[in-house]
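S.K.: Using the sequences plus the hints, can you model the full thing?
Protein chains: 2
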Amino acid sequence: MTRASSFDLVGTVGAARAGVLHLPHGDVPTPAFMPVGTLGTVKGIDPTELRASGATLVLANTYHLWERPGHARVQALGGIQRFMGWDGPILTDSGGYQVFSLKDHLKVTEEGATVRSLLDGTWRHLTPEVAVEIQETLGVDVAMVLDECIEAEASRERVIASTARTTRWLKRALLARRHADRTAMFGIVQGGMFPDLRAEHAEEIASLDLDGYAIGGLSVGEGHDAMVSMIEVAAPRLPADRVRYLMGVGHPNDIVEAIVRGIDLFDCVLPTRMGRHGQAYTWEGRLNLKNKRFQDDAGPLDPGLPESPANRFSRAYLAHLVRCEELLGKRLLTLHNLTFFQEVMRQARAAVVAGDAAGLEDLRRRVKIASSSPGGR
Amino acid sequence: MTRASSFDLVGTVGAARAGVLHLPHGDVPTPAFMPVGTLGTVKGIDPTELRASGATLVLANTYHLWERPGHARVQALGGIQRFMGWDGPILTDSGGYQVFSLKDHLKVTEEGATVRSLLDGTWRHLTPEVAVEIQETLGVDVAMVLDECIEAEASRERVIASTARTTRWLKRALLARRHADRTAMFGIVQGGMFPDLRAEHAEEIASLDLDGYAIGGLSVGEGHDAMVSMIEVAAPRLPADRVRYLMGVGHPNDIVEAIVRGIDLFDCVLPTRMGRHGQAYTWEGRLNLKNKRFQDDAGPLDPGLPESPANRFSRAYLAHLVRCEELLGKRLLTLHNLTFFQEVMRQARAAVVAGDAAGLEDLRRRVKIASSSPGGR
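Protein chains in written order, with numbering that gives the first Met the number 0: chain A, 0 to 376; chain B, 0 to 376.
Among the hints, erroneous ones may be present.
Intra- or inter-copy, both count: the list cannot distinguish identical chains.
List time: in silico SDA-like cross-link candidates among lysine to any residue, alpha-carbon distance up to 20 Å [said to hold, decoys possible]:
| id | residue 1 | residue 2 |
| --- | --- | --- |
| 1 | K289 | T47 |
| 2 | K170 | S100 |
| 3 | K291 | L8 |
| 4 | K289 | P299 |
| 5 | K102 | N290 |
| 6 | K367 | S218 |
| 7 | K291 | A71 |
No lab work stands behind these hints: they were computed from the structure.
M.R.: Laid out in structure tokens, this is it:
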């Protein structure tokens, strides 16, 4: 069988890795950050701008695309890449996270999840097999398996039962594949906040032959230190020759701390969502453009990021747009944040490729500043 | 005195004119359409895209910029062009239209209009002199005088009193100018829907030495035919060697009918507002992308407008974005509509410059189709 994807390591610094993930629609240099395009669009940003920001892989959402516009329609229109006008690779989350967040509209059995659509009230039955079928029909480069997502504060017993189910669902998903040569599949390690359960589940998932391995169930309010502990437990247990993906994380410092611990792939809504809410990641810190002090600031948003499209405008103008809730403000700050995140990935990769441990340390220090909200600002 | 602007006629077809309006920040080939950038931004569109759409002159709003971010702040930041990142000319409406629409928050006297801000509840006193001062401080290329805007159904007596006041306010505005060499000033013809009063006011305003002459108080629900009648009365009475501006009009067919009657300059919220609401002007008609029939349409939005940035995507994708209320949909349809309006202006100008009466007639026919909402769609 020809695999849809392969992964080459090109360098390491300690546990940190640099590599290339080869996918049907292109190569992804890692570490890589995926902008979130839930409904087949990164909010407000067109594919040309996405490419210019440095993105090489985009995330979309199985459940949401299933509801609108529907996977069969996307297939008839030539597949998700053509539909979005993005000629690069696409990874879809299975939709588990979204479905399981609809607590009052959800029934979960061993078969799968039955969920009542918030759009039209109809019940939809999402199983591991259905999730695979939707993703293969969309024509994505990477499909994520359906996993059971449980509450962050779940008991040990509940986590044990749930990780076992997630493994069973993964095995069903593997059997349901029809286009393994066109769509790669990643499994997901769960295990809550219990180190031994995380370790056990990582080993269980690692024993299965998958194109890549993800760590899920983090960035759900557990805090930076707990998250890092769980990565430290799971990452070393995943196959060294396959890509590793930390789902839904995080601020730039969370990402770099995960890179240092051997993670290759990331997605997060923060750069886009924060941008829409008037916040910018800069090398000086996370700036809230609603703050009065920016109203008369003629300087560029981030002198340390000359490639940012927002730097063509003054902080004062951006602050004005944010105050007036103007679309252009949301868009420029989103573009800026995406460019910032990609620049962090570029610097991390460059340090690892060069074997520059000091450079990686320096980046860890600098992204801590970039991720913090400066006092008095 | 050096004037801030001059106007050269380069061709005519009947009453239709082609020309060049020379302004401090650049030349504007006419007929010209100004995108509306009320708060110093055309909603969702950046200046580079605005330029690419064919725009050469942008409209902003005195009253709104006075409230936010304030004219003194804009001046300190280098003027409105630098503030917006738009290096071309800018015209500001005086804000009269906006102020007079705040009926419950308004007191009007001979001195001016006192209006209670919807933002912070403070009372602001807008006089002809204040309007000039704000606009000169912003550093706009063209300032519009403050005029009294009254209800469309106003009585003859009320219109007579109001046009007289508008003339007195214009004379006060002329006396208040400090930078006539940097900021041009246009007067505004009112007169309601009374042909004789329109004619009289046009002659009165034309007798004053202004950089340009606008026709106001139209596009307020009077209908296409009444609007055209008022233009036919006013336009021929305005100086032939100065630019003529029809405020707030309209659909492409309204614009072309006005061009045929001797108007040079236009602004309207329609291309931007309609775009945000999922409607596209095309050579096939005005399309509502919410319509079911577009959900599976793999074709481009407007095959007749190859330069439209929206044509990189299918109608099906645009329909999806519109249904999901995605920012990218609003932005692409706005860009498309702006490009469409500029293409109409380009074709009108080309026909007039070439002395091509048949071409102009053909355009009149085609924009009627473009402005209509096709049945069964």
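S.K.: Which constraints among the numbered hints does this structure fail? Numbers only, ascending.
M.R.: 1, 2, 3 and 5
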